[in-house]
Structure formats: structure tokens, C-alpha cells
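Place chain B on chain A using the hints.
As a plain string of letters, each chain reads:
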Amino acid sequence: MAFLRAVLGAECTVLIAALGAVTAWKILRAWLRSGGLAGIRKRSPRGPLEWQMVLTTVAVALLYLLQSLRAAGSGALPPVPRTALALLAASDSAWLASATRRLRRAGSDSN
Amino acid sequence: MEMFWRNLIRGVLVVIGLAPIIVVTYFALYRGLTKEALMLLVGAELATLLFSFGLVVLHAIVTDQIRIDSILNERTGEASVSRFQLVIFTFTIALTFVYLTLCGSGQFPAIPKEVLILLGISASTYGVGKGLQLGLGGSSSSSQPPPAPGPGAAPPPPAPVPPAAANNPPND
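Chains as they are written, first to last, in the numbering used here: chain A, 3 to 113; chain B, 955 to 1126.
If you are wondering where the hints come from, they were derived from the structure by calculation, not from laboratory data.
These numbers were taken from a predicted model, which means no experiment stands behind them.
Just so you know, even glycine gets a beta-carbon here, dropped at the ideal spot from N, CA and C.
Careful, some of the hints might be misleading.
Subject to a maximum C-alpha distance of 27 angstroms in a straight line, what follows is the list of computed BS3-like cross-link-like pairs (lysine-lysine) [unchecked claim]: (1) A:Lys-44 <-> A:Lys-28; (2) A:Lys-28 <-> B:Lys-1084; (3) B:Lys-1084 <-> B:Lys-1067; (4) B:Lys-1084 <-> A:Lys-44.
Some chain A residues near chain B, calculated using beta-carbon distances under 7 angstroms [said to hold, decoys possible]: (5) Glu-13; (6) Pro-47; (7) Leu-68; (8) Thr-85; (9) Ala-91.
A few chain B residues facing chain A, derived, Cβ under 10 angstroms [what the hints assert, rightly or not]: (10) Ala-998; (11) Ala-1001; (12) Phe-1005; (13) Gly-1008; (14) Ile-1022; (15) Asn-1027; (16) Phe-1038; (17) Gln-1039; (18) Thr-1046; (19) Ile-1047; (20) Gln-1061; (21) Pro-1066; (22) Thr-1079; (23) Val-1082; (24) Leu-1086.
Same shape as in the complex, but just chain A (with noise of 0.2 angstroms):
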């Protein structure tokens, strides 16, 4: 069994990497294909409220990661600090906030 459980391993591994990389080349790809800088400057977030979001997302994200590279053998996921919840969903409301005014406005400008 724990030589099956070492495929199941390998093969997890081999293509959650593989789809992981693929996803990013085809992105890529795309990017550079629709104007190359430009394109990449189109599809970039703009403004601070979604460089916020970004930089929270990316933050909690790698520190989850750290924090179950700790949790091995635990059992269970490790928690999220409510702190960071906290913080995600601050952001996310102050973009959720900043967009429906952007829309709306635009709504509203087209009508």
C-alpha cells in the first residue's frame, strides 16, 4: 500500500505541475499574442484597490502554504487566521464597493 500510495503521489504531482504549467503557458501565450507589453499592460490589474486584492490574495495564499508544510501529519488542514479572513474580506468588499460605482457610472454615462 505505500507503494501504491507513492504512485498516487507521483501522478498527484506529475499533473496538478503539469496542469499548473500548461494553464500558465497558455495564458502567457494569449497575453503576448494581443499586442505583446501592451497586452500584458491591458490585462494587468489597474488600480490600487486591485493591486490590493492581488498582493492580499497572493500573501495568504503563500502562507497557507507555508503553515501546511508545518501541518504534515496533523491530519487536517491547518486554519486560517481570522486576521487574514478579516483582511480578504475587507478587500474584497472595497473592490466590490469600487466596481458597482464603476459600473454603474459607466451604466448611467452610457444611457
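Leaving out everything else, chain B in the frame of chain A:
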């Protein structure tokens, strides 16, 4: 040429799928099949099947039968941070789940409620953002360009931007 590679991949998958059955038959006929060996071989067969499914999906993604190059974009072609957040958290928790299952005792790991709240916040943000775009941005959606064509086609012309929306800063 494309048909050759497709048939080659199908052949390899069939051989990989049949290999455990041949091994089981060999053991049953010549070596005396024990219960442990049978469990191991059935497990190997399931692992092979799952891996083949994964390979088929991966092949479809590589050959653009499944298109994921706009997974982080809005319909207008701009960046979608809510999609980005959902993708990142989904991959992070999935990777952690696989890692803890393999490194632990093999039991299904418990999922704390904070993780579910995290995924809930992310998915709700994506859903609400999409609903906002469909509801409030519906009046201006007719001026948006159609979805991107195939990989070999020429890029579409840039979408006309409403003058008032172009003057507004993105996050104010």
C-alpha cells in the same frame, strides 16, 4: 499528421490501461493471486485510469480543444482579479489537501471552517462581481467585442470605450 499523433496517444493509453489487467491475469494463472496482491493491482488499475483521464484533459488543453487562456480575463479582455483570487485559492487548498493526504496516515483530512469561509468569501466575490457586470453593465455590453477567435486568427480590433468610462479612474 495530427491524426497520427492522436492515434498514437490513444494507443499508448490503451496499452497503459491494459497493462494491469495482463499483470493480474499472469499472477492469477501462474503465481497464485493473494488478496493483498489483488488489492494492490486494483489500486494500480484505478490509479492508471485516473492518470489517463488527467492526460486526456491535459492533451485537450494543449491542443486548444479546451480553452483556458482567458480564464483570468473579463469578457472585455481586461484583468479579472476575482477570478484570479478564486483560481489561486482553489489551487492552494487543493495542493494542500493532496499533500496532507499523502504525507499523513492516508485518511481524509479534516477541513476547518475557516478554510470553507475563505473559499466562500472568494467565490462570493466572484459571483457578486459577475452579477454586477451582467446587471449593471448590461447596457454597455453590446459594445463589447465578441469572445476571442481561434489561436491562428488575427486579433480583434480594440473595443470602443465610452468616453465617460474612459475618463473615470478604475478604483475611485
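Enumerate the violated hints, using their earlier numbering and listing them in ascending order.
Violated hints (numbers, rising): 7, 8; every other hint is consistent with the structure.
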